[in-house]
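Place chain H on chain R using the hints.
Number of protein chains: 2
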Amino acid sequence: MSSTHHNQSALKENEGIEQPKSTNELAIKKLQERRRKKLDSQELIKKIIAQDKVALSQAITLVESLNVQHHKQAEEIIQGCLPYANNSIRIGITGVPGVGKSTFIESFGKLLTSLGKKVAVLAIDPSSSVTGGSILGDKTRMEELVKDENAYIRPSASGDSLGGVARKTRESIILCEACGFDTILVETVGVGQSETAVHSMVDFFLLLNLAGAGDELQGIKRGIMEMADAVVINKADGQNQKKAQQAKLEYNRALHLFPKKTSDWTPKVTTCSALHHTGIKEIWELIINYIALTTENQYFYARRKEQNQYWLMETINENILMRFYNNPTIKLLITTNKKAVQNNELSPFAAAQLILKTYFKE
Amino acid sequence: MSSTHHNQSALKENEGIEQPKSTNELAIKKLQERRRKKLDSQELIKKIIAQDKVALSQAITLVESLNVQHHKQAEEIIQGCLPYANNSIRIGITGVPGVGKSTFIESFGKLLTSLGKKVAVLAIDPSSSVTGGSILGDKTRMEELVKDENAYIRPSASGDSLGGVARKTRESIILCEACGFDTILVETVGVGQSETAVHSMVDFFLLLNLAGAGDELQGIKRGIMEMADAVVINKADGQNQKKAQQAKLEYNRALHLFPKKTSDWTPKVTTCSALHHTGIKEIWELIINYIALTTENQYFYARRKEQNQYWLMETINENILMRFYNNPTIKLLITTNKKAVQNNELSPFAAAQLILKTYFKE
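Chains as they are written, first to last, in the numbering used here: chain R, 1398 to 1759; chain H, 1398 to 1759.
Derived by calculation from the structure, the hints in this document are not laboratory data. Incorrect hints may have been included.
Cross-link-like lysine-lysine pairs, in silico, DSS-like; alpha carbons within 30 angstroms at most [unchecked claim]: (1) R/Lys-1735 to H/Lys-1640; (2) H/Lys-1736 to R/Lys-1702; (3) H/Lys-1657 to R/Lys-1735; (4) H/Lys-1657 to R/Lys-1736; (5) H/Lys-1469 to R/Lys-1728; (6) R/Lys-1657 to H/Lys-1640; (7) R/Lys-1450 to R/Lys-1426; (8) R/Lys-1736 to H/Lys-1736; (9) R/Lys-1640 to H/Lys-1645; (10) R/Lys-1469 to H/Lys-1736; (11) R/Lys-1645 to H/Lys-1735; (12) R/Lys-1754 to H/Lys-1758; (13) R/Lys-1658 to H/Lys-1735; (14) H/Lys-1658 to R/Lys-1645.
Next up, chain R with everything else stripped away, as it sits in the complex (with noise of 0.2 angstroms):
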């Protein structure tokens, strides 16, 4: 195998190709490479202020890593980077599969970077866990944007809870604002509690719907329509106009059937052809408004310390039950007892009781 054992040889043999070496050096030296700069979590925080999206992507890969040790590291940057996070934007943009998210923000980040804007644009998934895709997991349906330098893409993490993957996309926008994008883009899919999530985290929150298809007024029945602070029409073109225009006509109408926000905000509705990059400014006039409004009536700062605190909370209690139900004591006895209170043998409570005291006896 060694090339000087095959020189020594006395049988005659062609010149031929080298065989590679079966320890590839340079990739040894890369690998140890990567692996000492992945500890280094002072020259990441430093890589990612100074605007490096390689660094960007290593730290986001930590926030998402399942092994213990990347989490602590992941915490010692993101704390490095929040003094110079919070100076961006961060839209949320919901709508059920099929209403044109993935080109509406290509033809929306677009108008961003062409603004001079740095668009990040990050993505909550909990379905892909189940379905193995993620939204943002094909990235080729944003051929122009990834392209772009000015902007950033980050496909979903998937394989965990709602929880998890929400907070994990919570960190990565401190990260990206640290990197100098100033718009960011949390997307998720119209189905679900991610919505929640998703408003939780942003300024401004955007449904996307289309006209006409299925019920006229979707998101009223999920409850999204109430955290929508703008909602846009989308594949407003051709012979689709006449019914978008109607359908914003509904909506409108809709929308006057709740109270009156905190932010002194009037929802808007608005319709837009992604595809022809029509009505798309409208919409960023529309939201440069609303930051206009939020941070003079001090909305815009109130509803972010708010947010952090939402955060904090939410962690310390998903935490809390996650120790308790991965009790392995527990976990049997919630089994064994989950059946004796379904069939009504013991009342929900006194096996409450009962599994409790087990647990704060231990």
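The following block gives chain H in isolation, referenced to the frame of chain R:
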């Protein structure tokens, strides 16, 4: 003071009225008896099963007590009553203040007792701790029902968290059922989270509305509509009748926006005048149809099992978090760290880790 001394007095005295003893022996005897009774769980269970309303009230008082000893005894009694419980129809009734809940329950309750039913009325009113009053506190609002031998009305427990009040009501349902009540009405106010709590402990959920009070679709914006098995438009009398019919159409249309229920039941919209006792019988017939459908398709039993399990988990979660937040060290740590988090000096996740470490080291 003693009567012998009185007789030996040299002073002339009229016979007069005998002075009452400073210690009322009969009262003491009664009190001792009551205390002894209160302590004897087995006797209370026996009396409850024998349909003794006084014993039922005593047991509910134990359930509502904040005294740990009482709570332990309450658990014994509930456990003893459990084999005799669960044979009832549990109906949740909600609606904003002014919708006429008391008048409705009075009218509906009287109909039920006239049909040979035994009706218990409980309430969940988390606001009562704030306002000092409670929905059912003013019993005179159900003048007729309160005098009815086959009815039992229990004012709401107050001065506690929603979780606490809800747990107590849930336990009281079991006691009422063991006491022979076959129809349990659980009332709540149409504000806040209390409706979700009631929904999770009843078989049938009824939303009481008015025609044209403010906006047309009350309930939709609070997410209540989705839980309702029936929307009842009250005060459909006199000049209101036309408006009520119009509202009925609108609610029917709105209900079609929601996905099909797992119970296979299509929610119904109906009108009534609780004051004039019209449309009340139709509501009961509707509920009978619901019970027939859901017992046949087994949903009724599946849902009760699911609810039992829900309450097991809820009780555990509430208890674990309460222990944490009531810890004096934690209280202090949260106060100081909350400030740091709000001001972006510390990330919510770093603060959470810090607090959790302290707690689990203790």
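Right, here's what the structure says about each hint:
1. The suggested pairing of R/Lys-1735 with H/Lys-1640 is violated, with an alpha-carbon distance near 48 angstroms, which exceeds 30 angstroms.
2. This hinted pair checks out: H/Lys-1736 and R/Lys-1702 have alpha carbons roughly 9 angstroms apart, not beyond 30 angstroms.
3. A distance of roughly 28 angstroms separates the Cα atoms of H/Lys-1657 and R/Lys-1735; the hinted pair therefore holds under the 30 angstroms criterion.
4. Distance restraint check for H/Lys-1657 and R/Lys-1736: the Cα-Cα separation of roughly 29 angstroms lies within the 30 angstroms cut-off, and the hinted pair is therefore satisfied.
5. This hinted pair checks out: H/Lys-1469 and R/Lys-1728 have alpha carbons roughly 25 angstroms apart, not beyond 30 angstroms.
6. Simply put, R/Lys-1657 and H/Lys-1640 have alpha-carbon atoms about 26 angstroms apart, close enough for the 30 angstroms limit, and the pair holds.
7. Between R/Lys-1450 and R/Lys-1426 the alpha-carbon distance is near 22 angstroms, which keeps this suggested pair within the 30 angstroms criterion.
8. Straight-line distance between C-alpha atoms of R/Lys-1736 and H/Lys-1736 comes to about 44 angstroms, which puts the hinted pair past the 30 angstroms bound.
9. A distance of roughly 28 angstroms separates the Cα atoms of R/Lys-1640 and H/Lys-1645; the hinted pair therefore holds under the 30 angstroms criterion.
10. Restraint check for R/Lys-1469 and H/Lys-1736: the C-alpha separation of about 23 angstroms stays at or below 30 angstroms, so the hint holds.
11. About 42 angstroms separates the Cα atoms of R/Lys-1645 and H/Lys-1735, which puts this hinted pair outside 30 angstroms; it is violated.
12. Distance restraint check for R/Lys-1754 and H/Lys-1758: the Cα-Cα separation of roughly 19 angstroms lies within the 30 angstroms cut-off, and the hinted pair is therefore satisfied.
13. For the hint linking R/Lys-1658 to H/Lys-1735, the alpha-carbon distance of about 25 angstroms falls within 30 angstroms, and the restraint holds.
14. At roughly 29 angstroms between alpha-carbon atoms, H/Lys-1658 and R/Lys-1645 fall within 30 angstroms of each other, so this suggested pair holds.
Figure legend: structure checked against the earlier numbered hints; hints not met, in rising order: 1, 8, 11.
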